[in-house]
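**Q** Below are the chains, spelled out letter by letter.
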Amino acid sequence: MSKFREPVAFEAPTADWQLLPFRFERINGRVLLTNMVGEHLFVSGKDFEQVAEGPLPVDSSLVRRLRAKHMIRQESEPLPIELLALKARTRYRRLSEFTGLHIFVASLRCEHSCPYCQVSRQSSDKTLYDMSPETAALALDAAFRSPSANIKIEFQGGEPLLNFELIEDVVARAKSRNEEAGKNLSFVIATNLALLDERVLDFCDAHGIYISTSLDGPADLHNKNRPRPGRNSWELATEGIQRVRERLGIDRVSALMTTTRSSLDRVKEIIDCYVEQGLSSMFLRPLSPYGFAIKTKSFAAYDVDRWLPFYEEGLDYIIELNSKGVPMVEQYAAIILKKMFTNDDPGYVDLTSPSGIGIGAIVYNYDGDVYASDEGRMLAEMGDTTFRLGNLHEDTYEEILLSEALLQPLDQSFTASAPMCSDCAFEPYCGADPVYHHATSGDYLGRKPTSGFCKRNMAIFKLLLDRYEGDPSTRALFRTWAGH
Amino acid sequence: MIALSSKSQRARLAEPLPRSVWRLVDRGTLTSQRNARAFLITDEAATPDGFDLYLARDGLRLPRELANLIQLPAELNYLSGDDVLSIGDDGRRIRVLWRHTSRQNSILLTERCNHYCLMCSQPPKTGNDDPLLDDAFELIRLLPRDSEEIGFTGGEPTLYGEGLIDLLRLCRSLHPEAAVHVLSNGRRFSHSEFAESWAAVDNPNMMVGIPLYGTEPALHDYVVQAEGAFNETVQGILNLGRMRQRIELRVVLHKLTAPVLPEIAEFIARNIPFVDQVALMGLEMIGLARANIPKLWIDPSDYANELVEAVTILDRSRIHTMIYNHQLCLIPRSVWPYTVRSISDWKNEYHPECMTCSVKDDCGGFFFSAKYKVSDRIKAIPAETSAESNLLSLAQV
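Residue numbers (the numbering used here), protein chains in the order written: chain A, 1 to 484; chain B, 1 to 397.
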């Protein structure tokens with residue numbers, strides 16, 4: 001007789017499996033299962049019936065896969081629960097960090113007049129639309145009140161370089177303050193680069209400041225989207241990108257695109273433009289609902305239907321570029337993949353739950369008004385001040401962060417308890433966007449069957465899983481993005 | 001293959017040896033120190049006085065005047081000064097505990113084990129072998145200060161409980177700079193008190209190597225032939241992780257584990273990503289593995305895809321990953337940069353085909369036990385392609 005026992009000797013003690021929390025979605029004949037921390041499994045329809053109705057055998061390849069992903073356990077086993085708890089704790093640890101991104105609207109003035117921008121002003125009067133040093137000092141007080149170990153200060157506008165003295169002032173004060181506070185402090189200037197000069201470059205170099213700029217794609221598209229005197233926005237932006245890369249370092253500048261209806265047929269050209277500029281990361285953003293669409297309340301599924309093929313074609317093209325050795329990351333996919341394949345939630349404001357408004361990022365407007373998010377500020381410019389949390393000159397930090405204007409949307413939109421979100425298989429990958437839903441449907445929660453946000457993200461989750469399952473080299477690429 | 005245990009050819013002792021562990025001194029390492037030292041006679045010149053024991057290499061004429069003298073067998077002629085031996089009190093049985101020229105000294109603490117792994121290279125025994133632990137204490141006391149790596153193996157060293165902890169404390173005290181590595185199945189760490197004792201040794205250079213053979217109990221427990229092993233091992237890893245202890249995971253690849261290797265990698269990346277390193281190890285065809293060849297043997301080239309995928313998952317999760325005991329010609333070039341020449345020098349061999357291979361010096365080679373089973377796809381890599389494709393493989397990874 002053999003000294004070794006057969007596998008049957010090590011099967012579970014009973015077939016009384018206990019189901020742990022999981023959610024499911026039928027996709028093309030198969031069933032996607034996700035556990036409470038976002039680990040996933042595809043099973044056949046028949047297997048799924050067995051999981052749902054039982055009984056499961058004491059051992060089978062299905063049972064092993066379910067156990068590995070902590071979707072079932074033996075009642076005597078504490079380990080699966082402990083591992084799930086650890087992973088969930090890791091996933092939510094950002095919440096105790098609190099606000100990390102602090103947006104300073106240095107000036108609303110801008111020499112561009114982009115039709116999709118709701119906030120900028122054409123004015124030469126510095127007193128009307130620029131942040132004053134007094135307001136900035138109060139904003140800095142608020143930023144340093146955040147318990148977060150990482151404080152990122154982002155200067156926005158308008159065009160923040162039009163109030164460059166303020167930037168110099170805030171950076172100097174923040175740094176000296178930080179000698180005591182000891183935070184991991186970083187700075188970003190969001191600029192169209194049209195006003196980039198040696199003084200700005202020297203300053204950014206001396207203080208390790210990052211540059212974030214706008215690049216909408218090829219010159220004609222970009223210049224049409226972003227008019228300025230001289231019609232040379234694209235030329236100034238691309239020249240600026242090169243100058244920053246050469247002076248400050250190759251990774252010190254990143255670019256964001258705004259998607260307009262004119263972009264929808266040109267995704268490859270847009271991506272090629274980024275490649276040509278030597279950028280290795282881009283963000284295929286959705287059409288913005290703010291602005292025209294909101295005014296007319298017409299933004300909904302229609303735009304998503306037009307946008308999704310744009311995204312899919314773009315994603316596939318980026319995957320193809322990578323397979324040819326051209327490194328390019330699609331940032332939105334990367335955020336989702338991180339949530340799919342790690343226990344980290346990057347806390348991206350528009351795709352995290354509880355929403356990142358206020359507690360992930362916060363906006364200090366030029367006049368001292370505090371907004372829960374950048375989109376909240378845009379809504380206010382259109383007359384809807386729902387997401388105005390207070391004013392730095394009038395309200396205390398506590399009053400601002402504990403205002404109903406922040407707590408209500410956070411609470412009401414929380415996906416783990418939101419109708420239709422709480423039992424959605426994609427909930428761990430998705431997020432709450434109370435600003436979007438308020439703007440498009442009048443309440444923080446929104447109605448998921450008609451929500452463009454829901455439709456768009458569901459489609460992207462399925463697309464990413466499809467590409468991941470389909471091909472080993474895409475799997476490797478997605479793993480790389482998830483690990484960033 | 002270098003012999004690590006043997007029998008003396010002749011032993012001439014006035015009385016039974018007073019101790020078992022001896023550090024060798026030869027002419028090159030001779031000082032005034034005599035305590036626990038044995039003099040190794042390597043030539044026919046006069047021998048220094050005052051040693052409690054003399055050992056002579058095979059082939060030398062034995063000096064008549066020495067009281068305690070042992071003649072080594074030819075296979076131990078490689079011994080030299082600063083090596084450490086354990087010798088039976090009648091001078092017959094000799095075990096080499098430490099070869100100072102090797103970086104792969106592995107100190108056997110016990111042959112007892114609460115696992116009975118299908119592929120165990122060191123089949124467990126049940127008898128009391130506490131003297132092995134006693135020898136280890138003596139060895140640690142006798143080791144040169146500059147010893148860089150001290151590795152303990154079993155059996156299951158943690159069966160000693162506090163005895164092992166005392167030994168590890170001695171290592172930290174006497175050899176604070178040495179890397180200390182302990183191979184364990186990790187189950188004992190599921191008791192928090194033991195994990196706490198381990199952590200209290202407080203040696204940042206100490207690491208435990210723990211095997212993991214699945215993502216759930218059924219497979220792991222079958223491979224190690226012990227119920228409850230998986231849950232205790234993973235619980236132990238969690239306890240060690242909580243105490244910020246350094247952990248290496250070891251996955252031995254064979255027919256049962258290789259097909260689920262990507263899932264194991266995913267499990268590690270998702271559940272215990274705090275481990276310091278993961279070693280994916282080729283199967284050593286010795287011990288119990290030989291009895292289970294039909295259950296275990298898989299040609300490494302047949303799990304190439306799984307290996308690549310697992311390495312990708314671990315590497316992208318920023319987990320330091322190493323491939324041990326694999327022949328380069330059997331695995332995809334894209335994972336060559338992860339390979340480590342890891343087969344202990346004393347059991348390393350090469351295949352005739354290897355003699356013309358251009359990457360032989362970078363290759364893991366074989367366990368001497370490969371004579372029992374080896375891939376029939378071993379193929380020399382010609383010189384002209386290797387340099388170029390090496391660069392290529394680095395670029396891909």
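Hints may be right or wrong, so weigh each one.
As a list, the in silico PhoX-like pairs of lysine-lysine whose alpha-carbon atoms are at most 25 Å apart [claimed, not checked]:
no.	chain 1	residue 1	chain 2	residue 2
1	A	K3	B	K125
2	A	K3	B	K371
3	B	K360	B	K295
These are computed hints drawn from the structure, not numbers from a lab.
**Q** Could you work out which of the previously given hints the structure breaks and list their numbers from low to high?
**A** 3
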